[in-house]
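Peer 1: Chains A and B supply the protein sequences, listed in that same order. Oh and the first sequence: position 39 is 38 in numbering that gives the first Met the number 0, straight run, nothing missing. Oh and the second sequence: position 80 is 79 in numbering that gives the first Met the number 0, straight run, nothing missing.
These are computed hints drawn from the structure, not numbers from a lab. Check before you lean on any hint, since a few could be wrong.
Unchecked claim - Some, not all, of what chain A presents toward chain B, calculated at C-beta under 8 angstroms:
hint	residue
1	A369
2	R718
3	E722
4	L723
5	V801
Keep in mind it's a predicted model, so treat the numbers as computed, not measured. No residue lacks a Cβ here, since even glycine has one placed at the ideal position from N, Cα and C.
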Amino acid sequence: MSLPAEARRQRSDRLAVALLTFGLAFLLTASAWWVSTELGRARALRESIHNSYQQLIEIQKAFSLVQDAETGTRGYVISGRDEFLGPYTRAVAALPAANARLEKLFAGEPDQLRLVHLYEDLSRQKLALLANGIETRRIEGLAGVERDAARSQGTSPGRVVMDHIRAVVTQLTNNEEREIQSSLTRDRARTTRTELIVLTLFGSLFLGAAAAIVLARRYLAARGHLVRAAEAEARRQRALVDAAMDGIFVLNSAGRIDRANPASARIFHSKPGELAGARMSELIDESALTEIETQRKAGADAIRLETIGKRRDGSTFTAELSIAGMGEAAARDYVVFVRDISARRELEQLKEEFVSTVSHELRTPLTSIAGSLGLIVGQAAGPVPDKAMRLIAIAQANSQRLVRLINDVLDVEKLDAGKLPFQFMPLDLASIAQRAIDGVQGYADQLHVNLRLALAEPTPVRGDTDRLVQVVTNLLSNAAKFSPEGGTVTVLVTREGEQAVLTVSDKGPGVPEAFRDRIFSRFAQADSSDARGKSGTGLGLYIAKEIAERHGGRLWFESPEGGGTSFHLGLPLQTDASGPGLRDRVLLVEDEPAAAALLMTILESDGFKVDAAATLKDARKAMEDPGKFGAVVLDLRLPDGDGLDLARDLRSRPETRGIPIIVVSADAARGKDPAVRMLDVADWMEKPVDPDRLADLVRRAIGPVGENAPRILHIDDDRDIRELVAQALASVGEVISVEGLVQARASLKERRPDVVVLDLELRDGPGLDFLEDLNAGPGTPIPVVVFSAQDTGDLGGSVAAVLVKSKTSLTGLAGAVRSLVRPALGVKTGTAE
Amino acid sequence: MNRMLSILYVDDEPDIREVASIAFGLDGGISIRTAASGREALDALAEPGYRPDVIMLDVMMPQLDGPGTLAEIRKRPEVAKTPVIFITARAQAQETAGYLKLGAIGVITKPFDPMMLPVEVRAMVVRAGA
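Extracted from the complex, chain A is given alone in its bound form (with noise of 0.2 angstroms):
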């Protein structure tokens, strides 16, 4: 039977049943209401009949008093014996009550009363007339009798009213008969009624209770049938929990196991059953337990992890947990899988290292041939012939090919693993497709495809320079290969509602309809003839779509008819606290709690967020997303080491190189030493600290934010010194990069930076030139930082310092560029020159 039907029939079923209860309680309380009442009438009749037998006797009574006392009298009158008058004398005497008794009996029928009065005269007339008999035969005998009767003619007034009395007892004997005829009738005709509803009443009951007994062996079978569905579910669950591979067993509410499947008692290596009763923390590592709790705290419905499974020889093993709730929340029992991972973890560490050692045995020979061709291609071996150096150059190409997939594989093999680490950072996505053009360019150049980014809105995200930069090279790349020569590869970046967008887009062949839906796949190449023979691995949008998504981002594309394509990647917008421009964040490292506390208020009274870290290590796990912060005020004694430690592995990391440290300390003469000098520390604080000062060197510490940034134009024709500078920069200002004169006075004919930092040989001429172009603009003249090479001495006017690469490092760039767009800090102690 389906279901629905099932269904159905039982909710017809109940129908029924409801119907049923209700049709026949109502039947049996109407039943016994009209019983009752019908019981009531009966009884009323009977005492009307009762009555009217009682009133015939009652009648017959009275009429035989009067009748006896007429016989008496004449047995008198015609022998004139006193014995004959007692009937007349107990008439005379028991009439009064007799009369009354009639009376009484016929109060409530008034026209048999009117009746009973008539005969009540008639009778004491007759009585009358019989004591007038017995006077006139004691005084004249029976003479005058004889003269009385002569006298009458035969109507003898005693006879008169004799039938008179006769005529009215006939009458309401007559009228209590025909009462009494009609009250039978009338209980009869009830007598039948109710023989034929009480019958009604049986069958309807009978009826009820044969539908009872149907429904009821229906319900039974329904019942027994579900049972047995229930049985044989119960056992096919049963065989799969035992036939299962993972370990299977129900925890009750009091944490300890109820049932366990023979899988379980494989994996713990235990008897079959001898798991029944043993605890949680028997079998799986005690973090473990911990984390569960903490995971069923929250709510989690169902809970999953990886842990150290406990064998019952007491080995371990690598154990995946999956726990499920059954039941209310009150008595809860958990459901729990077990899985033994660890030929899978084992496999996994196998895999990993051998796709390593593969990829390192391969790029050994590989340096060597695409380094010895390098060096040919160079020109260091020496002339090359320009047909030979075709073929190298092929040979060159493949080889850097070759080195591209490796790459390509090992990424695919880092992100499946979920191991390629990012590093997230606020950045703005406009100097990530600067970026990527800048090294794609040199690939373009070769196919004859301009790059050309055509708008750039400020868009901070948060995310991986180097993976974000991977990921526009590639579409840069793509775009450029699939490009017509002379085509033109336009880059957007624009904000979207919540999320920056980054468009490339080319006007060459589309995307074949066919290859659409593989595009995103692991190598897939669409036909090569299209890409003018420079094939890639077919890895690189896997990985540009697997990196997005990594950012929360995601990587689409159109190609409409008619030819061109254009690939978008969005990411969230970064509009928090934590952007870029607004890190108006300080980490507090002070492990004193009072001063901490100090601190923290007199920071946060000036609109600053403040985190504290009480150690070197909370710092350095703090420090661990260094985008966070616009600033460390440092306390340097701390209870697991020096704070300078802390501020020496901030200057050593590229992304932290540039921001502001404040130091406060006891300790003064520190602040002189050489190499604590070196570490370009803002400001040095002796305590106790003036709350206004600290807030005033922080606010100026971290610099105008957003709008207000200082601007700092850097020009140098290296693109990783540019990369290296605008990094260490980038906590002082907005830096913008060029690499020649030319892009430098575009860039001063757009806006007026604040300071500009100066490389003195450049591909287009001497960078002593750009000075000239600074002075001749209005206003006062733009200080200029000279970082070069070359050790020029003094060259006076708007040059403020003269820093030789090899002898200054970037955090003395920062230093003594964060001195001039904050003169104000420049003169202060403990600031690098």
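Chain A is fixed; fit chain B onto it per the hints.
Peer 2: Then chain B, alone, in the frame of chain A:
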């Protein structure tokens, strides 16, 4: 003028040693000496009067590997402070970070661009402020 740099280049692969030698030779300001193993490098450093400005160590070498050689160098006060650059074919980000933590001033991944090699090494030296 670029300052003169003296480099000790240590790699067990003779081909790569030769490529590197030619590459550094292109920069007129660099003098290069090669060693085929960590042991040979330590012997060279033991010579009186030989004090290179930079030591470049291949990470994967038989017997004494790059990090092992660095540890030995650190034990000798006369050369302990010499900046070290690792060369590796295992170009994974965590590994690179790990080598930097050992105290190297930079990591060069194989295969390298021989024409850029002198420039990169000089940039690392500049960055380290050495």
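Peer 1: Are the hints correct? Go through all of them and say.
Peer 2: Hint-by-hint comparison with the structure:
The interface hint given for A369/A is met, as the beta carbon of that residue sits about 4 angstroms from the closest beta carbon of chain B, less than 8 angstroms. A least Cβ separation of about 11 angstroms between R718/A and chain B goes past the 8 angstroms threshold, and the interface hint is therefore violated. The criterion of a C-beta within 8 angstroms of any C-beta in chain B is not met by E722/A, whose closest approach is roughly 10 angstroms, and the hint is violated. Evaluation of the L723/A hint against chain B yields a held restraint, the C-beta minimum of about 7 angstroms falling below 8 angstroms.
Here the hint on V801/A is broken, as its CB sits about 15 angstroms from the closest CB of chain B, past 8 angstroms.
Hint compliance for this structure: hints 2, 3, 5 are not met, and every other hint is.
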